[in-house]
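> The lines below spell out each chain.
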Amino acid sequence: MRRKWSGMALALGALVMSAVAHAAPPSAEMLSNACGGCHGTNGASAGPSMPSLAGQNKDFFIDAMKKFKSGERPGTVMSRLAKGYSDEQVVAMAEFFAQQKPAPAAQKAAVDRAKVAKGKSVYNSACKRCHLENGKDFEEDTPVVAGQWLKYLQIQMAEFQSGARKMSEKKTEKVKSLTADDWDAVAHFYASQK
Amino acid sequence: MTMERRNFLKLLGAGAAATASVGLAGYANAATSAGGKHKVVVIGGGYGGTIAARYIRMMDASIEVTLIERNDHYVSCPFSNLYLGGILPDLKSLTIKYDKLAKNHGIKVVQAEVTGIDAENHSVTTSKGVFQYDRLVVSPGVEFRTDEIKGYDQEVMPHAWKAGPQTVLLRKQLEAMKPGGTVVLSIPLAPFRCPPGPYERTSMIAMYLKQHKPGSKIIVLDANPDIVSKKGLFLKGWKKHYEGIIDYRPAKKVTEVDNKNMSVLIEGIDEIKGDVINIIPPQKAGHIAHVAGLVGPDGKWCPVNPTTFESTLHKDIHVIGDSSIAGAMPKSGYSANSEAKVCAANIVALMNGRETTEMSGVNTCYSFLSEKEAVSVTGVYQVNKEKNVIEAVPGSVGVSPDLSELEAVYAQSWVKNILNEMSS
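Residue numbers (our numbering), protein chains in the order written: chain A, 1 to 194; chain B, 1 to 424.
No wet-lab data here; the hints were simulated from the structure. What you were told as hints is all true, and nothing was included just to trick you.
Not the full set, but computed from the structure, chain A residues with beta-carbon under 8 Å of chain B:
1) Glu-29
2) Met-30
3) Cys-35
4) Gly-36
5) Gly-37
6) His-39
7) Gly-40
8) Leu-81
Simulated restraints on C-beta separations:
9) Ala-190/B / Arg-129/A: 53 to 59 Å
10) Phe-160/A / Ala-61/B: 42 to 48 Å
11) Pro-74/A / Ala-61/B: 38 to 44 Å
Simulated coverage check for chain B against chain A, where a stretch passes if three residues somewhere in it have a Cβ under 8 Å from a Cβ of chain A:
12) 337 to 344
13) 349 to 360
No residue lacks a Cβ here, since even glycine has one placed at the ideal position from N, Cα and C.
Construct the complete structure from the given sequences, taking the supplied hints into account.
Have a look at this one:
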C-alpha cells in the first residue's frame, strides 16, 4: 500500500508543479473572457443597458478604463473593476475587443422611427465630424456607437447632459445648443445603425 | 488508510513546494486517449459546467465535449429572490435549456444521473451508461449538510437555495400566510453559496410582506456573528424600507426543527416559531465530488490547482464553481462562469501540449434591496505565485457607495448576458 502511495505522490508532484511553475502571464483572451459575464461572449452584449465591446475602438477602450480608474468617468462596478488591471493588461483587452466582429444590438422594437429621422439631422449638424460614418467609424479616441444598445446610449447621454460625465472642449462646444429631445433622437439614430 | 492518505497529502504538499522551482514539467503530455480525438466530459449544467463546455468547444472544436446534467433545464439561483419578492412573475426568464448549446457548439448533451467517477480508468458512470474522458470537469454546485439540522424536511421548511420547485414552494407558502404572520429565515455559517444571497432574500421577503401582508415580520436567524456581505448597504436599505419588519439576530445557529409545531431550535434550546420557515442549511461540495474522492481534509470542499482548477487529489479531473476552493473568489454564479473560462483555456492548452496561462478572474454580484434599488460587490482575481492561491487584485474589491437605481438597471442586463452565455 505504502509503495502505491509514494508512486502516486511522484506522479501528482509533477502534476502540481507543472501549472505553478510555468504558467504564462494572463493572455488577452484570458483577461477579456472574464468580462463576458456582463458584456456578453467576446463582448457581444445581450442586455439592453450593457454596452457591447466587440469591435470597439481600441483607444476609446483604453481611455474609458483610465477614466473609470481615476474616477473621471462616473461608473458603478467599472469604477472598481478597472482598478484590477495594469495599463498593459488594459491595452491587451482593448486589442482583443477591437478585433472582435461588431455585434449590432437586436433592438428593433425599442427604436423609434420618427426619432431616428430627427436624430439623423442632429447627427449631421453636431456629431458627424468625430463620430464618423453614422457612428460606425471613429476618430482618435471617440467610440464606435453605431448599433450600440439604446438604453446604454441613453444612460450615457443623460450623464453628459447632467455634467456627471465630462466632455472634451470640442464636444462641449458642438452640443451646447442640443435639447434633451435632440440627445435622445441621436441615441435612437445610433441604435438604429447596423 | 485515512491517516495514511492524509500523511501522503502532507508529503505531497511539501514535495511540490520544494521542487516547484525546478519546474521541469511546464508542458503536459498531449493526447492520452486512443483514437486521436481528445475527450472532455463535463458534469453539471449550471453556471460553471455550461460555460466550460462551451468555451472548450469555442477554443478548440477538435475536442469532443459531453455535458452530463440530470435535468433537461436549469433555473438560475441568482435573481430567484426577485421572484420571491414579486418583482419577477415566474421563473421563466431564469430558466435555460441546452438545445442551442448543443446545436451551436456541437456539445453532446446527455440528460443522466452521474453515479460514479473512476479516476484511474478515466470514466464516468451514469444512469445512461459509461463515458470515457481524457479530462473531466466537475461542476456540481452545493449539497446540503442536512444532518446538522435535526428533523429537517425541505417540503415543510424549504431551502429554496437551488432554484426551481423549492423556490415556487416558498413563494406559495408566503402567499398563503395570513397577514400579521411571522417568517423565519435561517442562515448557515459561511462559507455557503452566494454570500450576499440570504440578505437579499431578507430584503425581498420584507418587501413582499410590506406590500401584501400588513403587520407581518421576518425574523432572520444568522449563524454568523454578523452580516457576511455588503453589511452597511443592507442595514441602510432595511432602515430605509423595512423598519419594524426585519428582526435580524446574529449568532443564532439553528440546530433542530419541529415540523409539527412549525418552530426551530437555536443550539437545541431557544425555540422560535414561524408561520413560514425558510431554512438555508449549511453546505458542502456537490454529492458527486464526495463520491469521487475530490473533497479535501475539511470534508466539505474540493482543493484545486489555482491555475488550471485541476483537483490536487485526482489527476485529470478539474473542479469549478461552488464546490471548489478558489481562494478569495466567492461562491457565486459569476465566479463559476469566470472559473469555467480559466479552466477551459487551460484544459485546451494542456490537451494541445501548450503552456498553461495564469488565471485572471472576475466576480460581480448584484443584490436587490427594493423593487428599484440594487447594490453590488466586485473583484478581479489572480494567482499569488508565492503562496499559490487566488487573491483579489488590490483596489478591485469593493461595494457600491450607496443603494442605486442605476445598478438595478445594470443588474437586469447582467442576468440576461450571463444566462445567454450559458444557453447560446
